[in-house]
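**Q** Each chain, written out:
Protein chains: 2
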Amino acid sequence: MGRWEPDARGRLRAAALELFDERGFDGTTVAEIADRAGLTERTFFRHFADKREVLFAGAEALEGEMVRTIEEAPPSMPAMKAVALGLRAIAEQIPNDREYVRRRSAIIAANPELQERERNKLAALADAAAAALRKRGVEKSVAYLASETGIAVFRAAFARWLAENDDRTLTGFISQSLEELRAVTASF
Amino acid sequence: MGRWEPDARGRLRAAALELFDERGFDGTTVAEIADRAGLTERTFFRHFADKREVLFAGAEALEGEMVRTIEEAPPSMPAMKAVALGLRAIAEQIPNDREYVRRRSAIIAANPELQERERNKLAALADAAAAALRKRGVEKSVAYLASETGIAVFRAAFARWLAENDDRTLTGFISQSLEELRAVTASF
DNA sequence: CCACGTCATGTCAACCACTGTCATGAGCGT
DNA sequence: ACGCTCATGACAGTGGTTGACATGACGTGG
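From first to last, the protein sequence lines stand for chains A and B.
Residue numbers for the first sequence follow our numbering, beginning at 1 and rising by one.
Residue numbers for the second sequence follow our numbering, beginning at 1 and rising by one.
Think of the hints as simulated: they come from the structure by calculation, not from any bench.
Quick caveat: nothing in here was measured; it's all calculated off a predicted structure.
Treat the hints with care, as some may be off.
A pair counts as met if it fits within one copy or between any two copies, since identical chains are not told apart.
Simulated pairs of lysine to aspartate or glutamate, EDC-like, Cα-Cα distance not exceeding 16 angstroms [said to hold, decoys possible]:
no.: 1; residue 1: Lys81; residue 2: Asp50
no.: 2; residue 1: Lys135; residue 2: Glu72
no.: 3; residue 1: Lys51; residue 2: Glu18
no.: 4; residue 1: Lys51; residue 2: Glu113
Whole structure, please, built from the sequences with the hints as guidance.
**A** Written as structure tokens, this is what we have:
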């Protein structure tokens with residue numbers, strides 16, 4: 001047991017989520033978050049690069065999952081198929097507790113700055129996927145297109161999953177959105 | 001002739017571009033931009049919502065172009081094809097002066113905050129396109145997928161166009177990237 | 001041709017996100 | 001016991017962003 005309460009990072013995350021929920025993102029100051037977590041503002045910024053990041057930390061783990069999946073796919077597998085595998089792998093990582101995910105999504109949906117950051121995180125995921133594809137010998141812009149369309153599929157599936165209340169899994173919605181992508185890009 | 005020099009907005013834009021070029025985005029304060037434009041900091045924020053926006057104002061015009069093109073396309077045209085038309089229409093709007101576009105792109109490439117904003121602008125463009133598609137009766141997630149993949153195509157084409165020095169047009173690269181998209185999504 | 005409203009700008013003050021720097025004191029190996 | 005490391009605190013400063021109010025040229029109606 002240390003000099004301080006354990007898990008400062010986790011406490012900051014929890015405090016931030018509560019406060020954003022209560023007063024909105026803009027209506028909450030970093031000082032308030034730190035206070036509720038029993039820490040100082042300075043410490044907040046030691047754990048999170050900026051105020052938004054407290055809602056997005058952990059996204060790097062998804063990148064790792066995506067990259068690993070692509071790397072482990074058979075070398076002969078087409079780029080888009082490998083990305084599809086990666087998407088399913090990521091879907092498994094999303095907590096099944098839809099309520100938590102919904103609260104977080106509601107906060108993000110209420111604030112353009114946060115949507116900007118979320119898009120950025122997914123773009124980073126796409127970049128990681130594209131890099132993994134290139135290592136397999138896929139040409140640069142093909143890798144880019146496969147990764148970006150993959151992210152679009154993920155977002156579409158995620159939105160549907162959040163909107164539903166039944167037992168269908170995120171993975172299931174991903175399959176559905178992939179089918180739609182096929183249809184959409186077959187007719188032009 | 002008014003009490004002030006004309007075109008405050010344009011002067012601010014020009015001053016910002018120069019300073020970002022000389023000292024970088026972070027190394028430039030809004031006060032310095034305003035000074036060079038012969039205005040005050042407060043006035044800067046009357047013209048641009050935030051410091052980044054001075055590099056992105058005007059993107060709304062592209063949205064209009066995209067929406068108009070989609071609206072004017074024959075109702076029977078498939079969603080992805082209408083988006084492709086919109087992309088070509090937008091490409092026509094980009095100044096042919098590659099040097100200006102390159103300087104601006106270099107500034108953005110050097111700063112993650114700016115890349116975040118750029119993605120956001122393109123996402124807004126995608127949203128506008130998706131809304132226009134839905135008005136034609138296209139189902140929501142299909143509209144989303146078509147628009148987002150369209151933006152990916154645009155980015156891929158734009159990057160290539162910037163990297164080249166020959167006379168090929170942006171529109172030409174868009175056709176090329178669309179072909180790649182077709183190939184990528186045909187094999188999974 | 002004058003009074004008045006409008007509009008773009010200036011002035012001033014404040015808030016808060018974010019950063020640099022130095023201090024503190026518990027745990028830990030030696 | 002010594003000194004090192006590491007997470008945190010304390011404090012001050014920078015700069016982006018906003019609100020409130022003032023100013024003075026321009027156009028317009030009377």
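**Q** Now tell me if each hint is right for this structure.
**A** How the hints compare with the structure:
1. In this assembly of identical chains, Lys81 and Asp50 lie within 16 angstroms of each other by CA distance neither inside one copy nor across copies; the values are 36 angstroms within and 41 angstroms between.
2. With identical chains, the CA atoms of Lys135 and Glu72 are at most 16 angstroms apart within one copy only, with a shortest distance of 12 angstroms there and 42 angstroms across copies.
3. When the C-alpha separation of Lys51 and Glu18 is checked against a cutoff of 16 angstroms, the pair qualifies only within one copy, where the shortest distance is 14 angstroms, while the shortest distance between copies is 30 angstroms.
4. Taking identical chains as interchangeable, the C-alpha atoms of Lys51 and Glu113 lie at most 16 angstroms apart whether they share a chain (11 angstroms) or sit on different chains (14 angstroms).
Of the numbered hints stated above, the single one contradicted by the structure is hint 1.
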